[in-house]
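There are 2 protein chains.
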Amino acid sequence: MPAPARPDVLIIGGGLIGLATAWRTARRGLSVTLCDPEPGANASFAAAGMLTPVTELHYGEELLLGLNLDSARRYPDFVAELREASGGADPGYRESGTLAVAFDADDRAVLADLHEFQRSLGLRAEWLSGGEARRLEPMLAPSVRGGLLVEGDHQVDNRMLLAALFAALEREPRAELVRARAAELTVAGGRAVGVVLEDGTAIAAGQVVLAAGCWSGQLRGIPPEALPPVRPVKGQILRLAVPEVYKPFLTHTVRGVVRSNHAYLVPRAHGELVLGATTEEQDYDTSVTAGGVYELLRDARALVPGITELPLLETRAALRPGSPDNAPLIGPTALPGLLAATGHYRHGVLLTPATAEAMAEILATGSVPDLAEPFSPLRFGK
Amino acid sequence: MPAPARPDVLIIGGGLIGLATAWRTARRGLSVTLCDPEPGANASFAAAGMLTPVTELHYGEELLLGLNLDSARRYPDFVAELREASGGADPGYRESGTLAVAFDADDRAVLADLHEFQRSLGLRAEWLSGGEARRLEPMLAPSVRGGLLVEGDHQVDNRMLLAALFAALEREPRAELVRARAAELTVAGGRAVGVVLEDGTAIAAGQVVLAAGCWSGQLRGIPPEALPPVRPVKGQILRLAVPEVYKPFLTHTVRGVVRSNHAYLVPRAHGELVLGATTEEQDYDTSVTAGGVYELLRDARALVPGITELPLLETRAALRPGSPDNAPLIGPTALPGLLAATGHYRHGVLLTPATAEAMAEILATGSVPDLAEPFSPLRFGK
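Chains as they are written, first to last, in UniProt numbering: chain A, 1 to 382; chain B, 1 to 382.
One-sided excerpt, in silico: chain A residues whose CB lies under 10 Å from chain B:
id	residue
1	PRO243
2	LEU275
3	THR289
4	GLY292
5	LEU297
6	THR315
Note that these hints are calculated values from the structure, not bench results. We put the CB at the ideal spot given by N, CA and C, even for glycine.
Here chain A stands alone, though its shape is the one from the complex (with noise of 0.2 Å):
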């Protein structure tokens, strides 16, 4: 449909966020239209697609794991919602498990902590001896000594899910993508009130939600005290093949800490394998580097040798919004009008359906739920 004069909501920002709440919005009853000059080219597309808030889990962070629990279980029901919204695309959701792994005793011992911590949370988690590791999945190097199965944490196909998405906002009459970039905030009266595009055409929209990953705090016209404290967290990653004649190469995510460098392999259903990632603070850079590639393949080596044969299909570098705290940026700013949706850093793919069902209740009903309180915005205000 064309864009209505004024749509209630104007996203900015079309990766996995910023899609999934158009869509989640719209189904609220809003009128929604998305601004991207390119959606779903950056870090939603480059990414490895891990649902791992148990293996993935860290000191100090039991709010996020709350939130990251909550849209790992919300996530059959987003994506059987979102086959039928789309007309049928499937969202690559794959119930495949992590094993995570250890290769000496001081890998070993920090795996065994993590388990501690694991089912001090209630959490589970198996532990397995290099033996019954290597019987999981018999691609593992022979030097690993003990692995952590979390049959809970799986992952889905960032491409197929971006797809989904796409699929799903064509067929919602409520919602419009415009493949343009917005260059600055209309600001009236106190409050966020619209967006001028690039080629001068004004939005006006009764809430604006920035949701441009790394780039939500570029935006021209928002008031110092509303800026995201967004930053580009560069990573670099890999795609394999994996040919006929060594199927099934692996079928759980197998993550592991080499040289203190966290990698992880990542099956596709399919027959891609997914090697990452990097994490560098170097600005607003993606090249692919020389050294970026061989870490990555090295590493990925050490856990798995036998990728040696398999053919490189893409490297590729992208850029993750890092937060102060490493914990997403979720709701209203101190701008009347203005929301965030941004600063998922590690968690964008895993986070994408609480942070879609957080902020469409946001934008429906001005009221922010339980769960996503703990992050506000206005945690960083001045």
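Following the hints, position chain B against chain A.
Chain B in isolation, oriented as in the chain A frame:
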């Protein structure tokens, strides 16, 4: 110009060897048709373009050394004439010198032996201490123990050379390029008399040249006694970018033996850095693999650790035409009217001028130059 009904010479294969042979032969006054569905697309495009007969000297290959040195000496005139014939295209020839380095006492001994052998043959090479090597190339690893500087071993940008050859052929009235695959050799009266293209078109010709690299033995209709014994030898190769801030990164080609792998880095004038290459017997497979890329980056990093920061521009695999004795096949085969110019293995770019000149001489006069005589395809006769 339109193809003559019956060109004097028909060349199968549009790599550097085929293109240069076509150009030099047309210059001798013969009409030439070259057919290739995708000229300049395989090993000639992938190659690093090292012109390093002295650095790549091997025991037992003194005959090949003679041809290699002859071809290296021809390069300056060859590219000057090509530049003129092409209407000004720069063939990318660079007299940048080559530095072979050693890491440990074993490498050092190997390099010292090579130096001795070079001197015994009257070749010019200068021994450098580790410190001297690093003064010449400050990006070299601190662990480099010594090096052999060969000022006379140069390089050519094989992609610029291809472009110049295309331009020269375009302007050559006696030459024609047909973008189609030769399917079958036509033999009549015990003599090669032309080919049939994949679409059924027949081209009759006075003489036929097999210059299809590792595919030279695949053409249907070649009698067994005339089949060139070439095989594909896969090479994976990388291209990095050198950003302005790092220039000049390297000024010489740097070669080294790392864990018995031969690694090299070739710096282009325009800032590209070529890293090569694997040597794999993998039949006709041309996939870029995780292991290939890993090893190239690992070995190049050992020589020049600073590559870590450089953007990775390209990963590629192509097939060298290997022969039973690692030397090329140049000249008449056992079938009258059928000649070969293939099997150049690792030296195709280097041997382009000498091969093209020898082939033009043979095609125009029927007599084989002395230097090419040892490389007769008939040496593999049954």
